[in-house]
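K.L.:
Starting from the known structure of chain A, arrange chain B on it as the hints suggest.
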Amino acid sequence: VTHQPHEDVDRLIDAYVDGELTAAERRALEERARGDAGLRDRLGAQREVDARLRALFAPPARRDVPMAAGGAAGSERLRAALVGSAGAGEGGRGAGWGRRGALRLAVAACVLLALGVGWWWAMRVPRTRPDAVYARYVEAGFKPEAVCTTPKEFEAYTAQHLMQPVLPTAASGSGVEYVGWSYEGGEHFFKERTYVVVLLARSGGRPVLVFMGERRGDRGAKEGRIGTMNVFRRELGGAVLYEVTESGSPDVSRTLAVGTPPHP
Amino acid sequence: VDDFGARFRDAYRTLWCVAAAVLGTRVDADDVVQDAAAVALERLGDFDPGTDFVAWMAQIVRYSALNRARLRQRRRTTTMDFNAASTIPARGAQTSTGDSPVTVAGQIRPGQDSFDDRLLGALHELEETARSCLLLRSVLDLSFKQIAVILDIPEGTAMSHVHRARRRLRERLIECGYHAPEESGRAGMRDAGGARVSGGTA
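Heads up: the sequence lines are chains A and B, in that order. For the first sequence, my numbering begins at 835 and goes up steadily by one. For the second sequence, my numbering begins at 0 and goes up steadily by one.
Because the hints were derived from the structure by calculation, they are not lab data. Accuracy of the hints is not assured; some may be wrong.
Pair by pair, the computed Cβ-Cβ distance ranges are [what the hints assert, rightly or not]:
no. : chain 1 : residue 1 : chain 2 : residue 2 : range
1   : A       : ARG961    : B       : ARG163    : 31 to 41 Å
2   : A       : PRO894    : B       : PRO48     : 45 to 55 Å
3   : B       : GLN58     : A       : ALA969    : 16 to 26 Å
4   : A       : ARG845    : B       : ALA54     : 26 to 36 Å
5   : B       : SER159    : A       : THR856    : 48 to 58 Å
6   : B       : ALA5      : A       : ALA948    : 12 to 22 Å
7   : B       : ARG163    : A       : GLY1058   : 40 to 50 Å
8   : A       : SER1081   : B       : ALA54     : 46 to 56 Å
9   : A       : LEU946    : B       : ASP151    : 49 to 59 Å
10  : A       : ASP852    : B       : ALA54     : 17 to 27 Å
11  : B       : GLY176    : A       : ALA969    : 40 to 50 Å
All figures in this text were calculated on a predicted structure; none of them were measured in a lab. Just so it is clear, CB atoms sit at the ideal spot from N, CA and C, and this is done for glycine as well.
Excised from the complex, chain A in its bound form (with noise of 0.2 Å):
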């Protein structure tokens, strides 16, 4: 009984890495873990323990299959059950051009179904898609969520989020202001389960978005004009800098550079 405190605390630093706490619970537990050192190492180490075990146990994706050299015992039905051919249980040339012919008819099919699915996605603005997720950022009235105050937070803010410090450096005068952070709209950019933040700037007066994520979730987006709105790609150490701006330069990106560790 006594210990009970300690096991909720576990159980919501669990929800915590398994996403299941609500934004307002997670800031919750946040700004507890501030004034808490023993809850901010632990759920520091339970977020570390979490990505390094996604880094170390990623598994091969579904067509990595691998075939055995010189197989073992089965391996020639194996192989003949993966390439999934109903006709393929006996071998011999005929019943192998019956499986390449399957096979081609299965690539065709995959070929027509994406290009469907191409012209379908192409017809449509999905909610992930940068323009529309500045969109949404402007309507929201370009809120952050959290700020840093210094140059040194914004190092210490990047280096925990994206295990790359990132150090601003724009002068006063410049044009460009760094006006917070938010996390919500990188699925264009960065795959599941990458942490990702996004820079709200503003550039000339015009609101800008950078959104910042580690390299290993990278989607490796291409540049240019998507809709209304331009996309700069910048790689900054272990980090991917997507800049999405009405400006034809990436105005706000090229004022961050490679910052140095947070020291206690």
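P.N.:
What follows is chain B alone, placed relative to chain A:
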């Protein structure tokens, strides 16, 4: 047999994860799943279509992985003591290579290797089912219900394994000197409420 390929492909990542969990490493996990697939094909008649295919395959993968682990143990001439790996540097501590496990050039610092060694060492201390539960949850993000079906254990047991395993790992890392930086990310941030900071810092 016709259906096997498709089902196997769908289950591949899960089966790979089970193999890696039993082995405690990703090395050989591919081979184990391959071996298990060959065994499963030979024993396809034993599979009851009314039961879960992934659970059936996972059981075969588990046995294959245990066999592989035993073989590896026999072949090993020296024992590997993960606990003998150098202690991870405290995140907040000043070290010759800095504090972050990632260098400013984006490369993993030497300390990161130690961190991973320590983590793998702690992972090896877990019981094999606990490791499987943890990896299926943390790496593949499966629900406890799915994990329970795959490993043929009660859902509450899967939940309990994950919970205890996570606590054990983080406690081990903290015992070894892990400290979160004081300005720890969002915890170090203050709510903005739309406030903007003069001086140009977000």
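K.L.:
With reference to the structure, classify each hint as holding or not holding.
P.N.:
For each hint, the structure was consulted:
1. Restraint check, ARG961 (chain A) to ARG163 (chain B): a C-beta distance of roughly 38 Å satisfies the suggested window 31 to 41 Å.
2. PRO894 (chain A) and PRO48 (chain B) have their C-beta atoms about 28 Å apart, which leaves the hinted 45 to 55 Å range violated.
3. One distance hint, 16 to 26 Å for the beta-carbon pair GLN58 (chain B) and ALA969 (chain A), is violated here, with the actual separation near 51 Å.
4. Between ARG845 (chain A) and ALA54 (chain B) the Cβ separation comes to about 27 Å, which falls inside the hinted range of 26 to 36 Å.
5. For SER159 (chain B) and THR856 (chain A), the Cβ-Cβ distance of about 24 Å falls outside the hinted range of 48 to 58 Å, so the restraint is violated.
6. A hinted range of 12 to 22 Å holds for the C-beta pair ALA5 (chain B) and ALA948 (chain A), which are about 19 Å apart.
7. Distance hint check for ARG163 (chain B) and GLY1058 (chain A): the Cβ-Cβ separation is about 49 Å, which falls inside the suggested range of 40 to 50 Å.
8. The given range of 46 to 56 Å is respected by SER1081 (chain A) and ALA54 (chain B), whose C-beta atoms sit roughly 55 Å from each other.
9. Between LEU946 (chain A) and ASP151 (chain B) the beta carbons are some 40 Å apart, a value that contradicts the proposed interval 49 to 59 Å.
10. Checked against the hint of 17 to 27 Å, the C-beta distance between ASP852 (chain A) and ALA54 (chain B) comes to roughly 23 Å, which is consistent with it.
11. A hinted range of 40 to 50 Å holds for the C-beta pair GLY176 (chain B) and ALA969 (chain A), which are about 47 Å apart.
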